[in-house]
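J.: Given the coordinates of chain A, work out where chains B, C and D should sit on it, guided by the hints.
Residue numbers (the working numbering), protein chains in the order written: chain A, 1 to 414; chain B, 415 to 828; chain C, 829 to 1192; chain D, 1193 to 1556.
Just so you know, not all the hints are guaranteed correct.
[As the list claims (entries may be wrong)] Simulated pairs of lysine-lysine, DSS-like, Cα-Cα distance not exceeding 27 Å:
(1) LYS1046(C) x LYS968(C)
(2) LYS1453(D) x LYS1101(C)
(3) LYS825(B) x LYS1101(C)
(4) LYS702(B) x LYS420(B)
[Stated by the list, open to error] Not everything, but these chain C residues come out facing chain B in the computed CB check (under 10 Å):
(5) MET829
(6) ILE944
(7) ALA959
(8) TYR962
(9) ILE1104
(10) HIS1165
(11) ARG1178
The set of hints was computed from the structure by calculation and includes no laboratory data.
Quick caveat: nothing in here was measured; it's all calculated off a predicted structure.
Even for Gly, the Cβ is constructed at its ideal location relative to N, Cα and C.
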Amino acid sequence: MISFEKSKAVVQAQYLIQTVADNMMRPVSRYFDEEEGEIPWDYIEFMHGALRQMGSASLTPDHEKQKEAEKAKKPRQAYVVMAHQIEMLSWGDVGFYLCTPRGGLGSAAVESAGTPEQKDKFLSILNGEKPIFTSMAITEADAGSDNSAIRATAVLDEETNEWILNGEKIFVTAGRLSMENTEGYTVIWASLDLEAGRSGIRSFVVPAGTPGFKIAKKEEKLGIRVSDTVTFVLEDCRVPYDHILGNPKIEKSTEGFKGAMQTFNVTRPLVAATGLGVARAALEEVKKMLEEQGVVLRDGLPRNKMTSIERDVIDMERMVRSSWLLTLKAIWMSDNKISNAKESAMSKLHAGDVSSKVTQKAVELLGPMGYSREFLLEKWMRDAKITDIYEGTGQINRLVAARAILGYRGKDLR
Amino acid sequence: MISFEKSKAVVQAQYLIQTVADNMMRPVSRYFDEEEGEIPWDYIEFMHGALRQMGSASLTPDHEKQKEAEKAKKPRQAYVVMAHQIEMLSWGDVGFYLCTPRGGLGSAAVESAGTPEQKDKFLSILNGEKPIFTSMAITEADAGSDNSAIRATAVLDEETNEWILNGEKIFVTAGRLSMENTEGYTVIWASLDLEAGRSGIRSFVVPAGTPGFKIAKKEEKLGIRVSDTVTFVLEDCRVPYDHILGNPKIEKSTEGFKGAMQTFNVTRPLVAATGLGVARAALEEVKKMLEEQGVVLRDGLPRNKMTSIERDVIDMERMVRSSWLLTLKAIWMSDNKISNAKESAMSKLHAGDVSSKVTQKAVELLGPMGYSREFLLEKWMRDAKITDIYEGTGQINRLVAARAILGYRGKDLR
Amino acid sequence: MYSFEPNEEQKMLIDVAKRYAETDLRPAAHEAEEEGIFDPKLIEKGWELGILQASIPDTYGGFGDRSLLTSVLALEELAVGDMAGALSILAPSLFVTPILIAGTEEQKTNWIPPVIEAEWKAYTAAMIEYAYDYDPNELKTTATLDGDSYLLKGEKRFVPFADQAEAIIVYANLDGKTQGFIVPKGLEGLEVGEREATLGTNGLQTFSLVLDNVKVPKANRLGGEAGHDFAPILAAAQTSLAAVAVGVARASFEYARDYSKERFVLGSFIAQKQSIAFMIAEMAAEVEAIRLLTWEAAYMLDKGEETAAHSAYLALMGAIDMAMMVTDRGVQILGGHGYIREHPVELWFRNGRGIASLTGLVMG
Amino acid sequence: MYSFEPNEEQKMLIDVAKRYAETDLRPAAHEAEEEGIFDPKLIEKGWELGILQASIPDTYGGFGDRSLLTSVLALEELAVGDMAGALSILAPSLFVTPILIAGTEEQKTNWIPPVIEAEWKAYTAAMIEYAYDYDPNELKTTATLDGDSYLLKGEKRFVPFADQAEAIIVYANLDGKTQGFIVPKGLEGLEVGEREATLGTNGLQTFSLVLDNVKVPKANRLGGEAGHDFAPILAAAQTSLAAVAVGVARASFEYARDYSKERFVLGSFIAQKQSIAFMIAEMAAEVEAIRLLTWEAAYMLDKGEETAAHSAYLALMGAIDMAMMVTDRGVQILGGHGYIREHPVELWFRNGRGIASLTGLVMG
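So that you can see chain A by itself, here it is in the shape it has in the complex (with noise of 0.2 Å):
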């Protein structure tokens, strides 16, 4: 039955959020992006106390939970609150979100591909004293968004039962966070046999202080400023048999390869739901400000009466609540089990658009202010440009849909 309701568990959510957004995140979300390469310690040791406690509203979905629920035949919620969280912390400030412990990319992929015992073993942590961090390294130089193209290589050293890992991997988000500032862990796709191309791909958990890897270089960027970025380098990284995420043995399939990109039709919807958020944050920002101007926005006009501004406002919240519906429906379909490899990669190119687009015009419709960095429209600007960039741009994502729209495989739409 269609329901736009929202749940108990999201509606608390969002509240405890907020109150972290508006607290924790908002008030220092200027000094962090001025001061780029500083970690925000406060709020990482408080999400990370916040959430062991919480235990359930983890922003890693408790597998155990979803189980139950399934036995249970109950709906499952995890992902679609787990969004609603994500979109939340990411209103308050995205670049603070992608700092949150116990979350990230790499314990998804664990979550997505890994065996029970692996799930075990490298999600349990995450609850520990400390806060934790994980990241997920697949970018190389000269792959761009083509996570086919991949030359970083593991081979097994079957003396010791180890894979050796060999390759750099760029563009890694939280790396630092995951790898030198504590003691998380990083899953590395790497080819198993070059030759045997998106078959032979597979993703390795390498936790920090691993010999043979190191952290290569740091960016300065746009936007998202406090959440690093780096690249990895590894010569001889050897990590233990059972690190490997999913089949050791290379099919002549690619249904390993394809099991590994099932990942992205959960983090896809994520990662729109992050710009989602932004997005949010400067509608209602705007609103504010323009208010606070005395701007009066009249509500249900046609638009041959509306004022060029009142008409701005009313675009972005409707691009805004649109894409988040199809956000809030690609991630459903996770939660439910229903294939969402088009709906994944739609809400993604959508939200891409979407949230480069209204925080650009909300810099614009405060004139002057919005141009300054006094308030922080400016930096939601330049911090919303990342949706369209990471986890595949608009254009790898334009391509993913259309394969799906279209039925077509990798070789018929290039």
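T.: Just chains B, C and D now, with coordinates in the frame of chain A:
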């Protein structure tokens, strides 16, 4: 020296044509739109007579005059004048413009690719007592806008020294006017050797009444209904040897084909001009109708002080004007023999977008009045849409422009 | 808890509407548009699907409770078939639904059953006015109290089936507020004008309607003496029009998608070109986004949520641009073939532009 | 007769500006932005190119006649190098040009030569105000006649080099009309506020400026007793800003174009993908379209055509959206690389958004 001043020739042409538009086009625009298939003989006869008298203001650039100007080192402006004529005719009614005798793409092809003898022969007949139409037939059912995929063939019968043409051409503008209603001709693109690809493609003049030629189908269209669009079928259709435009030998290079493609460098901005004429008509009508309804359109406000309508009108205005300047520059380059593959494709893709957007917005701005067939706004929206489709869709023109910008050849970017 | 899955009843209705749209509406659409009339037999067949009847309680001759969400789901499917056809079939809803929403018990009992229980007959409504700034909340047609009657004065446009209507709900400005009035046929001063000629949707017969001090009994004011709140009626109209927009856009998207997979040029299908494929991906995303926005508005209206009217407004605002963007691309993807009337994309392109101006032409 | 070819003199100036932009401005841009200051030596070097001087008659120390078109051509080239750098170099033009356009002979003789004949010194203007609806034609800063003086009251923002300015043209609302006033440094009530921190263009040092009843002699009103028409000044500001927008956008377009031809992914250069190539084609077309619109405005202003002010306005309106569209795509085409500050596209993206709000920050 950069100048945006209209020459006297332009001003005069605009004045004359506006009078024609006001008196002979606009009053019957609606009638001929509703009565698809009827031929506007009054307009045709009038224009033929008028153009005959005017001589230099003919819709086909007078290549003799161009040569004279060249010799005298005077600036050439025949194409610029023509672009203004076409824009103003299309401002009147673009369907009528397409029913203007003497001009047409057939004669443009002769002008651009013919030998001096061919020009004398095929251009002078336009100046006869009775109106004559010409057309150009390129598109084939399976080739889309890609002209290198032409499958129509031309074989030389060495005994009779005639070309034997076979094939089918669709979407021929003014095909019926040129081949059935008047004693005109069409220019058929065909291949001398299907194996030779682009380098084998040539164009051939086929006069009305040539045996083996027939009109197979007449299209009913979204817009430009007064102008006929037909399918040609050629079955062993024979034309004399000297009806081939350009070099009859197949060279290894694709120079021949490229030469033929040069025609588009002239025709693309001219087609852009048709769309921009319609767009200007819509813009002016919107302003007039809004004024009649008591709307005051203020000038010079920053966007954040405008009404939604004021902003739309300003946007329309700057789109039309900037697109027109882009078009003028491209066609000015043709007059001055500056290579303009990039500029001509850019003007076409830009005007295709602009004329669609502006005319669609015009309908919206008048609310239910815009949706009614009482006014011409809805017709212009239908008429304008062809701009982004014929003479290469917006997509093809993006390809052409991108190749020119990137220094790519066809194989580098498909 | 969120859910995006229609219930069983809705799925059945969607199915029925979809099948009818495919087998009856779509094949008849082109001729209906060209001839300016939809075959009455097809309208009757559509009426018999019971889409309107399904959301009228049995007290008034129907067989279900009103759910705008359910109506919207069916409406979208019908509009995928043909917009003019969908609007023709559901014209009586323009009359019945406002009475159901805002009428007195007496009005409901008197007026709804004769419409619902019979064959399709022309019942309709007159909301649209002829101005660039047409605004249902600020109509130029006026209602003035005159003893025991209201005098209606003004001109309405695009009134479906006005020429044969048994009764029409006329919306007019009464002291600054929009109110609906039940106007039976034959009243003095009620003049049906010319058949309208429009950019699209010509299969739906609409007319201008002049009200020259038409005298309507007080009892015919929607909601009786006390009148009614116009907001939920307008919101239903906006949401329904948004659903129609989604249907029209979906039709264009699906047609262009399929065409692009079959159109082979120069060694590949055009869908294999990024330029076409990306357009298609964007069309799909935008259709789905506005679709969900429309669903949400309908859901909230059904629940009577405070911000429901705003949601309906938002959905329509989104639908206006979405429909134009998608139907324009539908034509563009077909290229020259999109410009000829053999393919339906050109009709959808024309219908698509209507969404901006046609609030009040449909109500689910 | 139309022509799109600059004359010889213009070509030379374009060449000079382009070379300086390439070899000096562009390499310094990143550091200037990060440090918030442009190397004064580079500014001095740019000043010595004589771009402003070339459009000041020799009577006032320059070596040419004023041609906005010529200035616009040079300005675009400088802005291709760096927007903040271009604005820094030409800050004195904010002071000189309005005097040249609207000043009395005495004002011209007194004020122009000291600026023109010397090394670069901080002369500037204060037009921008801090409001969502900032409108040069309706300023909130006021000028009131008080005996032999005008009292200026209000707050200005984004005033280039206000901290070191020898003199500033302050624009204020005098009886509903915008008028410029020459305000030398050191007047009582003239308070330079904080260094501004902005989204982009941080290489240009700007400050807020509070005018607390600053007393300016009557003779310092631009145009003297009779005042002046503000329209040509505003039009010059709009056209110049549009030219800067074209420069910034061109920079982004050219960089993304070159990058896309060098970035090899999965067996092809990204420029060989239709999605990238089409973006590039659209960027090129839009940049060129607004470029010509800007040229036309400058040409018409030079000719003193009646509709010139409207053309300038139109050019800026077009430039606002063009700059944002193009610079956003510049980032997008570089993908992740576009988001890091090693590549300049992110700076252009930030500068690009400024065009909407910075009328009065540049005048050629």
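J.: Now, for every hint given, state plainly whether the structure supports it.
T.: Hints versus structure:
1. As the CA atoms of LYS1046(C) and LYS968(C) are separated by approximately 20 Å, the hinted pair is consistent with the 27 Å bound.
2. Only pairs whose Cα atoms come within 27 Å are accepted, and LYS1453(D) paired with LYS1101(C) is accepted, the gap being roughly 19 Å.
3. At most 27 Å may separate the alpha-carbon atoms for a hinted pair to count; LYS825(B) and LYS1101(C) meet this at roughly 14 Å.
4. With a CA separation close to 25 Å, the supplied pair LYS702(B) and LYS420(B) stays within the 27 Å bound.
5. For MET829(C), the interface hint is violated, the least distance from its beta-carbon to any beta-carbon of chain B being 38 Å, above 10 Å.
6. A hinted interface residue such as ILE944(C) counts as satisfied when its beta carbon comes closer than 10 Å to some beta carbon of chain B; here the least separation is about 30 Å, so the hint is violated.
7. The criterion of a C-beta within 10 Å of any C-beta in chain B is met by ALA959(C), whose closest approach is roughly 6 Å, and the hint holds.
8. Because the beta carbon of TYR962(C) sits about 5 Å from the nearest beta carbon in chain B, less than 10 Å, this interface hint is met.
9. For ILE1104(C), the suggested interface contact is upheld, since its CB lies about 7 Å from the closest CB of chain B, less than 10 Å.
10. For HIS1165(C), the shortest C-beta to C-beta distance to chain B is roughly 9 Å, which falls under 10 Å, so the interface hint holds.
11. Hint status for ARG1178(C) relative to chain B: holds, with the closest Cβ pair at about 7 Å, below 10 Å.
Checked against the numbered hints above, the structure breaks hints 5, 6 and satisfies the rest.
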